[in-house]
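Asker: If you want the building blocks of each chain, they are given just below.
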Amino acid sequence: MNAPIPLHATDGLAPLLILAAEGSTGAGAGASALRIFAAMVLLSGLAILATSKSLYRFQRNLLLARYMSGGWIAVLIGFLLGPWGANVVTDEMLLEVRPALMVGLGWIGAIIGLQARRSLLTAVPTAVRRWVAMDALAMIALGGLVSALALGQMLTADRAAWWVAPVGLLITACIGWAAETRSLGEQRTAAGRHLEVLVQAGAGLAAILAVCLHGLLMILPSRDASGDVVVSIPTGALRLLAAALLATGVGFIGRYLLQQAGRERRELLVIHIAMIAIISGIASELAVSPLFAAMLCGIVITNLGGPKLREFERFILRAEQPVAILFALLAGVLLDPRIGVWGAALVAGLVALRVAVKTPLMRLSLNRFDHALPGRSPLFRAPLRQSLVALALAVSLVLHESSILNQRLLTIVIVVGAVSELLPFILARRKGDATAAQASAQGAQEAGA
Amino acid sequence: MKAIPRLLAVWVLLLVAVAALRLLTASHGEMEYLDAIGRTFKAPPYDHVATATALAMLLLGAWLSGRVFKLLHLPRITGYLAFGILIGPSLISVISENTPPLLSMAQIDHLRIFSSLAIALIGMTAGGEIKIDLLRRGLGRVLTITLVEMAFVFVSVLSLLYLGGRHVDFLADLSSRHLLVVSVVVAVISMTNSPAVLVAMLGETRARGPMAETALAVTVCKDLLVVVLFTVASGVGYGMLRAEGGTALNASLFAELAWHLLGSIGVGAALGAVVSTFIDRLGRNTPLFVLGTTLGIVLVSESLHLEPLLVALTAGFMLSNIWPGKSESLFHSIENLSLPVYCVFFAIAGAKIDLNAVLLLWPVALAIVVVRVASIWSGTTLACRITDVPSPARHWLWTALIPQAGVSIALATSVSTLYSEFVWGPYLTSLLLASIALFESFGPILLRFGFIKAGETRG
Numbered sequence: 007m008n009a010p011i012p013l014h015a016t017d018g019l020a021p022l023l024i025l026a027a028e029g030s031t032g033a034g035a036g037a038s039a040l041r042i043f044a045a046m047v048l049l050s051g052l053a054i055l056a057t058s059k060s061l062y063r064f065q066r067n068l069l070l071a072r073y074m075s076g077g078w079i080a081v082l083i084g085f086l087l088g089p090w091g092a093n094v095v096t097d098e099m100l101l102e103v104r105p106a107l108m109v110g111l112g113w114i115g116a117i118i119g120l121q122a123r124r125s126l127l128t129a130v131p132t133a134v135r136r137w138v139a140m141d142a143l144a145m146i147a148l149g150g151l152v153s154a155l156a157l158g159q160m161l162t163a164d165r166a167a168w169w170v171a172p173v174g175l176l177i178t179a180c181i182g183w184a185a186e187t188r189s190l191g192e193q194r195t196a197a198g199r200h201l202e203v204l205v206q207a208g209a210g211l212a213a214i215l216a217v218c219l220h221g222l223l224m225i226l227p228s229r230d231a232s233g234d235v236v237v238s239i240p241t242g243a244l245r246l247l248a249a250a251l252l253a254t255g256v257g258f259i260g261r262y263l264l265q266q267a268g269r270e271r272r273e274l275l276v277i278h279i280a281m282i283a284i285i286s287g288i289a290s291e292l293a294v295s296p297l298f299a300a301m302l303c304g305i306v307i308t309n310l311g312g313p314k315l316r317e318f319e320r321f322i323l324r325a326e327q328p329v330a331i332l333f334a335l336l337a338g339v340l341l342d343p344r345i346g347v348w349g350a351a352l353v354a355g356l357v358a359l360r361v362a363v364k365t366p367l368m369r370l371s372l373n374r375f376d377h378a379l380p381g382r383s384p385l386f387r388a389p390l391r392q393s394l395v396a397l398a399l400a401v402s403l404v405l406h407e408s409s410i411l412n413q414r415l416l417t418i419v420i421v422v423g424a425v426s427e428l429l430p431f432i433l434a435r436r437k438g439d440a441t442a443a444q445a446s447a448q449g450a451q452e453a454g455a
Numbered sequence: 430m431k432a433i434p435r436l437l438a439v440w441v442l443l444l445v446a447v448a449a450l451r452l453l454t455a456s457h458g459e460m461e462y463l464d465a466i467g468r469t470f471k472a473p474p475y476d477h478v479a480t481a482t483a484l485a486m487l488l489l490g491a492w493l494s495g496r497v498f499k500l501l502h503l504p505r506i507t508g509y510l511a512f513g514i515l516i517g518p519s520l521i522s523v524i525s526e527n528t529p530p531l532l533s534m535a536q537i538d539h540l541r542i543f544s545s546l547a548i549a550l551i552g553m554t555a556g557g558e559i560k561i562d563l564l565r566r567g568l569g570r571v572l573t574i575t576l577v578e579m580a581f582v583f584v585s586v587l588s589l590l591y592l593g594g595r596h597v598d599f600l601a602d603l604s605s606r607h608l609l610v611v612s613v614v615v616a617v618i619s620m621t622n623s624p625a626v627l628v629a630m631l632g633e634t635r636a637r638g639p640m641a642e643t644a645l646a647v648t649v650c651k652d653l654l655v656v657v658l659f660t661v662a663s664g665v666g667y668g669m670l671r672a673e674g675g676t677a678l679n680a681s682l683f684a685e686l687a688w689h690l691l692g693s694i695g696v697g698a699a700l701g702a703v704v705s706t707f708i709d710r711l712g713r714n715t716p717l718f719v720l721g722t723t724l725g726i727v728l729v730s731e732s733l734h735l736e737p738l739l740v741a742l743t744a745g746f747m748l749s750n751i752w753p754g755k756s757e758s759l760f761h762s763i764e765n766l767s768l769p770v771y772c773v774f775f776a777i778a779g780a781k782i783d784l785n786a787v788l789l790l791w792p793v794a795l796a797i798v799v800v801r802v803a804s805i806w807s808g809t810t811l812a813c814r815i816t817d818v819p820s821p822a823r824h825w826l827w828t829a830l831i832p833q834a835g836v837s838i839a840l841a842t843s844v845s846t847l848y849s850e851f852v853w854g855p856y857l858t859s860l861l862l863a864s865i866a867l868f869e870s871f872g873p874i875l876l877r878f879g880f881i882k883a884g885e886t887r888g
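These protein sequence lines map, in sequence, to chains A and B.
Be aware that the first sequence starts at 7, since it is given in this note's numbering, and climbs by one per residue.
Be aware that the second sequence starts at 430, since it is given in this note's numbering, and climbs by one per residue.
Hint data in this document are derived by calculation from the structure and do not stem from the laboratory.
Note that the Cβ used here is the ideal one computed from N, Cα and C, for glycine as well.
Honestly, I wouldn't trust all of these hints.
[As the list claims (entries may be wrong)] Simulated DEER-style distance windows between Cβ atoms:
id	chain 1	residue 1	chain 2	residue 2	range
1	B	P529	A	D164	49 to 55 Å
2	A	R374	B	L453	49 to 55 Å
3	A	E270	B	V665	45 to 51 Å
4	A	G346	B	R435	56 to 62 Å
5	A	E270	B	A699	31 to 37 Å
6	A	R320	B	L453	32 to 38 Å
[Stated by the list, open to error] Heads up, incomplete: computed chain B residues facing chain A, CB under 10 Å, no partners named:
id	residue
7	P434
8	R435
9	R468
10	G490
11	I542
12	L768
13	A796
Extracted from the complex, chain A is given alone in its bound form:
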């Protein structure tokens, strides 16, 4: 008697009769198993490669080091694993882990917010603040113009409400620059090191501004009952108020709970994860960007102070690199390469905008502040490179609404970011700045290490 036995797999322990019934389901299960095995083998291989000494040798004289430390290799791997590559990571899988990804977004938001400690902000020179403000204004005006011109050819919706999210993303992705400076060249002089600090401080400030602006722009549009996009200022204000209350409440309650947990690492871990999860979860239910809400919470926590909250800060920052790599992988999986001619034009426009505006603005702002700064430093090319926060902003938009348009916008942000990484190296070589190029490679090796 070999009657088919109608069972389904259960978690934990899979009863054997289920396997007898489902074990021979054929190609579907087999193909899925092979895909997962392929992914495992690939990831294991990459892990071996990442830990091998030969890779460091390989990185010594190559731009690849910067691409690796900037997460771009992870984006490429994500793309290869995603629907446009081996299709190992499917939409269903992503839906399954969406709650965890929301928590990851909150994590990035908290990392950004924790930089906004009052003592640190007041230490930032006025010139840097002015530089960041000018950069933001220029990007809002010019980036908005370039985006609007290109999107005018891409979008079919003509009401302004539909334009808020796409234009908002492209503008906020333009704001700021990558904080990493070592790959641009080792700064041997005191003035060079000073400039390095100014670049990093500006990048941190600009990241906070970009997430703030993006969060505010994301709060405004929402879907009505018919599915139409509408902009409502009162609803937006209410959401903003809710996000601010939530961030403050989680900050205060978190501080109390951390005191209760004492020194036990396992207990602290629970509260740390729960704090990030609760702010990300409630924010996404209220249609507020988890990135924005968690950044507000990070600002509250860093300004409340206290040894326990400092420990929370350290915990959040310790996971910075893995979370960044995870989101770079995710960005690669989610992108849709079909951006078309106007998408390519938009990429070209945004890259050209960076070349035309970023370095002159930096010179204008900082040279007036301190004439002793090294005028020919490769660090003046640092703002050409897109901030990694832009990637998180684009991913958050896709996780908010997984539409094809948002996936293509993510692609545009990724391509702009990848191309902008090349700019300092290309400009350094074009100007015959051999020393800078050499220093770049050396710095890149250190950054990779």
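Dock chain B against chain A, hints included.
Answerer: Same frame as chain A, but now just chain B:
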């Protein structure tokens, strides 16, 4: 004790906040929208969007409950389970049918990845705790205790249901053959006990000693044997009922069984070897590597139809016994990661408890509980005497074999699908879930008491 009111205030605030959120945000199913280039896309249903909040609520709520229970000298696990029961769909459905629960079944389903990860993590921990020396010294003892205890439970529960089944409503009109099948299935599932509860309690109480070692080894042995027994019993039973005399057992089923067990051990051993090549290069990335490894175990086990607990257990056993020095940091990371995992895992287990089934079938469930406890106590005590387990562990080992949770629930759920064509199928599952719910509730308390009495706790 002074902290209890404040902890409870935060706990209430958390529940009120989540309840208010549920009222404020409109629940909806999967929606289809247009984007600004005129292409349609699907927005996930509300339950999915709310899963991150549910995860946070489980973590924080279970942790707070565990703290309060600890201050009341009760096991933390019971606190996690109690919190799960409180927010789960079952309790609210008993009180009011139309009120939505704080944690819906759909959200529980979305969070199953965390349960799977927990099982892999628990398997690694259990494997790491079993030392090859213990098996060399006491394999005979472990096997004797396992077999004697299982035989006692099987015979007692089988006799109870087969002889007393006529007094139970949904079993009263069954033929002898049907009643025998039902009795055998319940008896086999009664033989299981929970590796998860045992491992979590070992972590909580930091118990070390003959009782802890033997309990873990016996539980692992039972897990393997129950897989085989449940397969054979279900196969024979199903065949008896369908063909009135035949069985559903054949060569392919035994091949699957062999693959399931030996394949799991083989894959686990290979995984242990692969992990051992990386662990000394990981540094501060070890926790991330642990998460990746457990995720890998879940994915590979699911796709190859292996037993994730067994795969993880073998990997943990290999690492701990073959590369003890190298794997120390790995097990340290696993221990650090265990608390959030246990909070979510046991709170979900609590939320899955079917209180309607308990209310409906509590007299029969209680009878099964009493008989199972009595038979575990007598079987284990006898086996401990035969094998000369040192005192006081021999008097309290039985308490470690009482708790039931994930494995038992999985088997009970599969019974309803396997016997779905029979009227008594769903009732049988409800009966099993009712008795498991009772064991889930008092099992951890009894186990903690046992460890304390055996003098093996350090926490």
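Asker: If any of the earlier hints don't hold here, list their numbers in rising order.
Answerer: Failing hints, ascending: 1, 7, 13.
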